[in-house]
Amino acid sequence: MSAALQLEGVVKRYGRFEAVKGLSFAVQPGTICGFLGPNGAGKTSTLRMILGLTEPTEGRISVLGAPDGRMVRDRIGFLPEERGLYRKMTPVDTVAFFAGLKGVPLGEGRRRAKKLLESQGLGASMKKPMKALSKGMAQKVQLMAAIAHEPELVILDEPFSGLDPVNQQGLEQVIRDLANRGATVLFSTHVMQHAERLCRQVVLLANGKKVFEGSIQAARGAAPRFLELEGALTPEDVAGLPGVVGVESIAREGLEPGVMLHQASLGLNAQPQEALKTAFARGLDLRRFEVKEPTLHDAFIVLTGGER
Amino acid sequence: MRRLLLIARREYFAYAKTVGFWLSLLVLPAFMAIGAMIPTMMDRAAPVRTIAFVDLTGQDKAAGLKAALDGRWRREQVRALRSAALAEAGPNGGDAVRDAAEKAGPEAGQEALGRLAPGAARAYKPPKRNLLVVEPPPELAGARDPDAAGRLLSPYVAGDKTLTGGRKLDAAVVLWMQGGELKTRVWSQSVSDEGVQDAVREALEETVRRDRLIAAGVSPEAVEALEQVRPQIEVYSPKAASGGEVGFRDRLPGIMGFALGMLLWSSIVSGASILMNSVIEEKSNRVLEVLLSSASTTEILAGKVLGVAGITLTVLGAWGGLGAFLLYNAFPGIAHDLVSVLTENGLAFYLGLYLIGGYLMYAVLFAAIGAFCETPREAQTLLGPVMIVLAIPIVVMNVAIRTPDMPILKILSWVPFFTPFLMTARAPTEPPLVEIIGTLAAMAVTAWIMVWLASKAFRAGALSTAKLDWKSVLAMVGGKR
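For the record, the sequence lines run as chains H and F.
Under the numbering used here, think of the first position of the first sequence as 1, with each following residue one higher.
Under the numbering used here, think of the first position of the second sequence as 1001, with each following residue one higher.
Don't read these hints as lab results, they were simulated from the structure.
Keep in mind that the hints are not guaranteed to be accurate.
Straight-line C-alpha distance at most 30 Å; calculated DSSO-like pairs for lysine-lysine [to be verified]:
| no. | chain 1 | residue 1 | chain 2 | residue 2 |
| --- | --- | --- | --- | --- |
| 1 | H | K127 | F | K1017 |
| 2 | F | K1183 | F | K1066 |
| 3 | H | K131 | F | K1017 |
| 4 | H | K135 | H | K88 |
| 5 | H | K128 | F | K1017 |
| 6 | F | K1456 | H | K21 |
| 7 | F | K1161 | F | K1128 |
| 8 | F | K1017 | H | K114 |
Use the sequences and the hints to build the structure in full.
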């Protein structure tokens, strides 16, 4: 099956500044792909090139089989990072208007708008002007406007920003539903928990360069695992265990006098059980031993070189 | 095309649904109606002022002044009759009504008005005489000098005393001779009312002139004849519609050209400004990026231009329709002349093309400027040079009404940014066909280049957040930012 989205050696320069440096990745149809990176990594520039809003300086982009996003814009849904709608329009008219731009007849657009807005709990507000809606509600309306035409590729730029936890959960469900329907979803974020819960694939960007592409599992593997050790131990005791490459000692309230919590980072191929065995063999006063798997957040920090 | 029409529709209704649109639609006709009615209303509402002459000259100089005031009143009536006839019967008809009134009195003038401009005659109401000459209080008969007369007049003018029959005295004129000169002192109820003074001054000038001419040996009949002299100038031109004498119909194209040029200018500037504000609103509301992901720059620009053009045409159509209705009913002669000027030699067609070309050039320019701005204040920075350019045709159009063939006007007509206004102003006076076709072609090419450039600028501006000045705008359009 050919990729829904494919970038090959894409470069974007603004004058002398290189915002995107030789970026290549592919997203398969029906996949939810997280496009991750710190602020200024080049995410928005890349998304704009995919959409055809700006042209790449070098490289090639294929979107739903077309060499330019503009050629298939009716099959794409887009939620920009900086959101905004016509303040005097009602949510129904807004959704129907943007669906109309994507080829949905106005009557059908209004019908879909009502259905979508009701499903998002906006039934009571669908005829109020947008300016009367809360920020969260307006954001939901904009998302509905981006997907009302049932696009094959949905591009969401920081879709979770500004939403409360309940609405974030609702948005996660919308994204899952889109993928279940067969749509390909590419969303940028720097909140790793959402990507961790939603994505089958992530692409990590730092300073305009791709630093990782693959599954969540593989991304986590790029970061070291941690050991949490609690006991009457000195940092030197912990540093002397096999596989330990760094120790951070943490004072915590409620611990017995002389007992400390140490967080030890392991080398990439280190085995935690070797450290445990050695601790027992050395007769260390160990009260608690726990292996902590790295999160995507940890992987993000490592892969982006500590940039946030 | 579907997207373009959808954007145009949204743009149109976004304005058509606002209170401001309906207000602006109604305000101009309302102001014009009020403006037209105010002078008449003020004239009718003005109180009738009573004035008395206290003649201490012993030569009955008051009689001459009273006669001069009567003459002034007659001239006012003649002027009103001529003005009433002018719109329906044209300048020649107006002159005929004036001549009839001057020769045989206002009644004859009204009769001529009924004959030459029946519509105007039905609506005609003679002006009200605001100055009524009354006899002075009887005790003034004993006054021997102006100061004594003043002392006696003061309580009357102040309103403490009234004339016989309870009538108030608003002003009094004391006349006396001093060193052979006629002297005048006006007592007036109000210190700021100069109406009486002006009327007395005019009457006095006429009387003194007349007296001096008679004193110099000119017969009273000759003086009377002299007062009536009005040089008649007949203007002839081979270009006149009649083939000879130039009439109002011949002057109409020049007047219309100027009026249409101004209308075009204001329509283009207001339409382009509406468009720019709309783009600024979309930019500041962050709608432009979503629009750009849903439609091409050309579709967005064209849709917006079309939508705002619809608004402009709705306003012009409503005003034009109302104006035409009123004109046809009140002054069918002028309406007929206007239509014939517009339809002759395809003028309406050229005007349409100039309107389209001019609107397109400026609308896309204003839209592109709007795409770089988040507030109208930011837009002012970029609009300054554009407005200077736009001010030039306004100055030049004033010249076009008198001398449409002036060389500088011909040269400036070839500058595409001025073409729509200057050629509209000149078109009714039939400039050479080569100029019409040439300027239209140059304007069309420029409009096409403007649309192309504005599309690039619009896209660059819509996606930019850079600091705003012409240098950064040009850099963005060139893809360097």
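A quick look at each hint next to the structure:
Restraint check for K127 (chain H) and K1017 (chain F): the C-alpha separation of about 15 Å stays at or below 30 Å, so the hint holds. At roughly 16 Å between alpha-carbon atoms, K1183 (chain F) and K1066 (chain F) fall within 30 Å of each other, so this suggested pair holds. Note on K131 (chain H) and K1017 (chain F): the hinted pairing holds, with a Cα-Cα distance of about 16 Å set against a maximum of 30 Å. With a C-alpha separation of about 15 Å, the suggested pair K135 (chain H) and K88 (chain H) falls inside the 30 Å cut-off, and the hint holds.
Taking the CA atoms of K128 (chain H) and K1017 (chain F), the gap is near 15 Å; set against the 30 Å cutoff, the hint holds. About 24 Å separates the Cα atoms of K1456 (chain F) and K21 (chain H), which keeps this hinted pair within 30 Å; it holds. Among the hinted pairs, K1161 (chain F) with K1128 (chain F) is consistent with the structure: their alpha-carbon atoms are about 26 Å apart, no more than 30 Å. Taking the CA atoms of K1017 (chain F) and K114 (chain H), the gap is about 22 Å. The hint holds against a cut of 30 Å.
In terms of the numbered hints stated before, the structure departs from none.
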